[in-house]
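Peer 1: As they're listed, the protein sequences go chains Y and D.
Each residue of the first sequence is one higher than the last, beginning at 1 in UniProt numbering.
Each residue of the second sequence is one higher than the last, beginning at 1 in UniProt numbering.
Errors might be hidden in some of the hints.
DSBU-like, lysine-lysine: derived pairs with alpha carbons at most 35 Å apart [as the list claims (entries may be wrong)]: (1) D:137 - Y:244; (2) Y:168 - D:137; (3) D:86 - Y:91; (4) D:149 - Y:168; (5) D:282 - Y:250.
Just so you know, the hints here were simulated from the structure itself, not pulled from any lab data.
For clarity, every value in this text was computed on a predicted model and none was experimentally measured.
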Amino acid sequence: MSKNSWWRNIWPPLTAVLLFLLLWQVATSFFHIEKWILPSPLNIGHELLAGAPSLRDHTMATLKLTLIGFGIGTAFGLLVACLLHVIPVLKSALYPLMILSQNIPTIALAPLLMIWFGFGLLPKIIVITLVCFFPVAVAAMDGLLRTDRTMMNYMQMIGASRGQIFWKLELPHALPSIFSGLKIAATYSVMGAVVAEWIGADKGIGYYMVLQKSAFRTDRMFVAILIIVALSLLMVSCIALLEKWLVRWKPQQTGHRKGWSLR
Amino acid sequence: MTIYDHMTTQDHSAVAPALSFSADSEPALALEAHHITKSFAGSRKRSLPVLNDVSLRVKQGEFVSIIGPSGSGKSTLFHIIGGLEKPDHGEIRMNGQLVTGEKGRISYMPQQPALLPWRTIEQNVVLALEVAGVRTKEAREEARLWLPKVGLAGFEQAYPHTLSGGMQQRASFLRALLSRQELMCLDEPFSALDALTRSDMQRWLLDIWESTKRSVLFITHNIEEALLLSDSIYVFSSRPASVLHKIEVPFARPRREDITTDAAFLSLKLELSQWMREEQRKMQNL
Numbered sequence: 001m002s003k004n005s006w007w008r009n010i011w012p013p014l015t016a017v018l019l020f021l022l023l024w025q026v027a028t029s030f031f032h033i034e035k036w037i038l039p040s041p042l043n044i045g046h047e048l049l050a051g052a053p054s055l056r057d058h059t060m061a062t063l064k065l066t067l068i069g070f071g072i073g074t075a076f077g078l079l080v081a082c083l084l085h086v087i088p089v090l091k092s093a094l095y096p097l098m099i100l101s102q103n104i105p106t107i108a109l110a111p112l113l114m115i116w117f118g119f120g121l122l123p124k125i126i127v128i129t130l131v132c133f134f135p136v137a138v139a140a141m142d143g144l145l146r147t148d149r150t151m152m153n154y155m156q157m158i159g160a161s162r163g164q165i166f167w168k169l170e171l172p173h174a175l176p177s178i179f180s181g182l183k184i185a186a187t188y189s190v191m192g193a194v195v196a197e198w199i200g201a202d203k204g205i206g207y208y209m210v211l212q213k214s215a216f217r218t219d220r221m222f223v224a225i226l227i228i229v230a231l232s233l234l235m236v237s238c239i240a241l242l243e244k245w246l247v248r249w250k251p252q253q254t255g256h257r258k259g260w261s262l263r
Numbered sequence: 001m002t003i004y005d006h007m008t009t010q011d012h013s014a015v016a017p018a019l020s021f022s023a024d025s026e027p028a029l030a031l032e033a034h035h036i037t038k039s040f041a042g043s044r045k046r047s048l049p050v051l052n053d054v055s056l057r058v059k060q061g062e063f064v065s066i067i068g069p070s071g072s073g074k075s076t077l078f079h080i081i082g083g084l085e086k087p088d089h090g091e092i093r094m095n096g097q098l099v100t101g102e103k104g105r106i107s108y109m110p111q112q113p114a115l116l117p118w119r120t121i122e123q124n125v126v127l128a129l130e131v132a133g134v135r136t137k138e139a140r141e142e143a144r145l146w147l148p149k150v151g152l153a154g155f156e157q158a159y160p161h162t163l164s165g166g167m168q169q170r171a172s173f174l175r176a177l178l179s180r181q182e183l184m185c186l187d188e189p190f191s192a193l194d195a196l197t198r199s200d201m202q203r204w205l206l207d208i209w210e211s212t213k214r215s216v217l218f219i220t221h222n223i224e225e226a227l228l229l230s231d232s233i234y235v236f237s238s239r240p241a242s243v244l245h246k247i248e249v250p251f252a253r254p255r256r257e258d259i260t261t262d263a264a265f266l267s268l269k270l271e272l273s274q275w276m277r278e279e280q281r282k283m284q285n286l
């Protein structure tokens with residue numbers, strides 16, 4: 001992609017965000033809004049810089065938790081999806097249970113897990129794993145099910161075994177779908193980590209939020225929100241990069257770019 | 001001598017013992033379908049007959065076409081030959097061996113190219129070999145040898161969606177050609193192409209087949225195509241399909257495309273079109 005078209009894509013949202021921040025800044029000083037009700041963007045920026053050293057530790061703690069939970073959750077989700085796909089009986093038995101499990105609110109489950117497993121790493125990782133598992137598993141199963149009929153027919157006609165069909169056709173075919181599940185799971189995992197820390201931890205952004213909330217430090221709450229958004233964006237862009245690299249065969253939708261790859 | 005030639009001679013030597021058992025000098029048949037009957041479960045417990053006592057044979061190195069009205073069950077016959085479906089009655093033999101319901105005995109080229117979009121042309125072309133367990137290096141070498149011969153030089157590392165429909169079909173054909181299975185089943189391979197590309201591809205297939213002499217079973221509903229390419233043609237009735245006529249195509253090989261204006265060619269074409277039209281009419285009256 002040329003630098004020019006990149007800029008053409010990026011300037012409308014960038015301008016919108018800048019305008020919004022400007023409006024916010026002007027409104028807080030114009031209407032004399034108290035800092036503890038709504039801090040201005042400049043206040044928040046200032047607080048972010050001032051608290052940088054301790055915030056870095058909290059952020060790293062949350063990031064570590066997020067990555068571990070995301071890794072285990074997606075691995076588990078992919079494994080279950082593949083297993084249920086290969087054994088249809090298991091799928092019809094367990095699929096309703098999976099849907100049901102998603103209706104248990106995380107906010108109710110997290111305290112229970114703390115009671116059962118204490119305040120260590122384990123209950124937090126379980127929370128994130130549960131949150132990540134579902135979108136990945138559902139997207140993967142959906143992708144595996146939508147295998148192109150003509151390609152499937154071809155593979156069967158030439159006598160490919162079940163395993164060959166899975167590895168050479170179904171799994172690569174499901175990759176784009178799996179990646180949309182991964183992107184959802186990536187944002188969920190940050191959310192899950194913050195909720196877990198909120199309920200019981202001695203470090204991390206969630207813990208930081210609990211502290212600042214009780215001190216009515218609204219500006220620092222906004223700093224926490226900013227960091228959470230940044231973490232989510234980071235996770236999603238990593239997944240998007242990985243997708244671009246793994247699914248590079250995909251025809252380009254945009255008209256002004258031809259997907260030639262003669263290497 | 002190409003790797004491919006070497007491959008077929010091996011294949012022939014493999015069937016040689018079976019040959020000596022059969023009576024006289026009759027060579028083993030690449031394919032025999034005996035009295036294939038198949039019906040599918042239709043609505044309200046009524047079964048829908050699709051194939052009715054179909055028998056056909058393909059000799060070693062023979063190009064055999066099936067033509068018939070669309071929806072007459074030709075593709076079902078292919079599924080039975082490929083082992084995807086079991087016939088209600090009848091049996092399939094290849095090289096004299098009973099193979100009814102066995103998969104992986106044929107090489108196949110479907111109507112749509114069905115190339116895997118995440119594989120380059122070279123990786124796609126070796127797919128059938130890969131599935132059959134041929135070593136990657138060996139398969140690659142063979143593909144590199146053949147890609148230029150089917151006009152795909154320079155496209156080895158391109159992804160299928162960057163190629164035209166005709167080129168995709170050539171890659172699909174090469175994938176079938178490289179397969180170690182002697183019998184090639186081609187299911188209306190050119191029906192999705194425009195007329196000009198189609199006639200190009202017919203000439204191309206004619207050339208390449210005459211130099212390789214594989215046993216081919218070819219489904220089409222284009223009469224001219226069948227006459228141009230085949231040694232013999234089976235004309236199928238409308239559903240339930242049965243063999244109406246079998247024609248031996250009398251033109252000598254190697255064939256040139258200008259036989260399509262030959263008087264004998266035209267009269268055969270006329271005869272076939274009349275049969276087909278009759279069948280089509282029957283289908284509409286149903």
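Peer 1: Starting from residue 282 (chain D), check that the Cα of residue 250 (chain Y) is at most 35 Å away, please.
Peer 2: Since the Cα atoms of residue 282 (chain D) and residue 250 (chain Y) sit roughly 46 Å apart, the hinted pair is violated (cutoff 35 Å).
Peer 1: Are the Cα atoms of residue 149 (chain D) and residue 168 (chain Y) separated by 35 Å or less?
Peer 2: Satisfied, since the Cα-Cα distance of roughly 27 Å is no more than 35 Å.
Peer 1: With a cut-off of 35 Å on the C-alpha distance, tell me whether residue 86 (chain D) and residue 91 (chain Y) pass.
Peer 2: At roughly 28 Å apart (the allowed maximum being 35 Å), residue 91 (chain Y) and residue 86 (chain D) satisfy the hint.
Peer 1: For the pair we were handed, residue 168 (chain Y) and residue 137 (chain D), check the Cα-Cα distance against 35 Å.
Peer 2: With a Cα-Cα distance of about 18 Å, the restraint between residue 168 (chain Y) and residue 137 (chain D) holds, given a limit of 35 Å.
Peer 1: Compare the distance between the alpha carbons of residue 137 (chain D) and residue 244 (chain Y) with 35 Å, and conclude whether the hinted pair is satisfied.
Peer 2: holds (28 Å)
Hint compliance for this structure: hint 5 is the single one not met.
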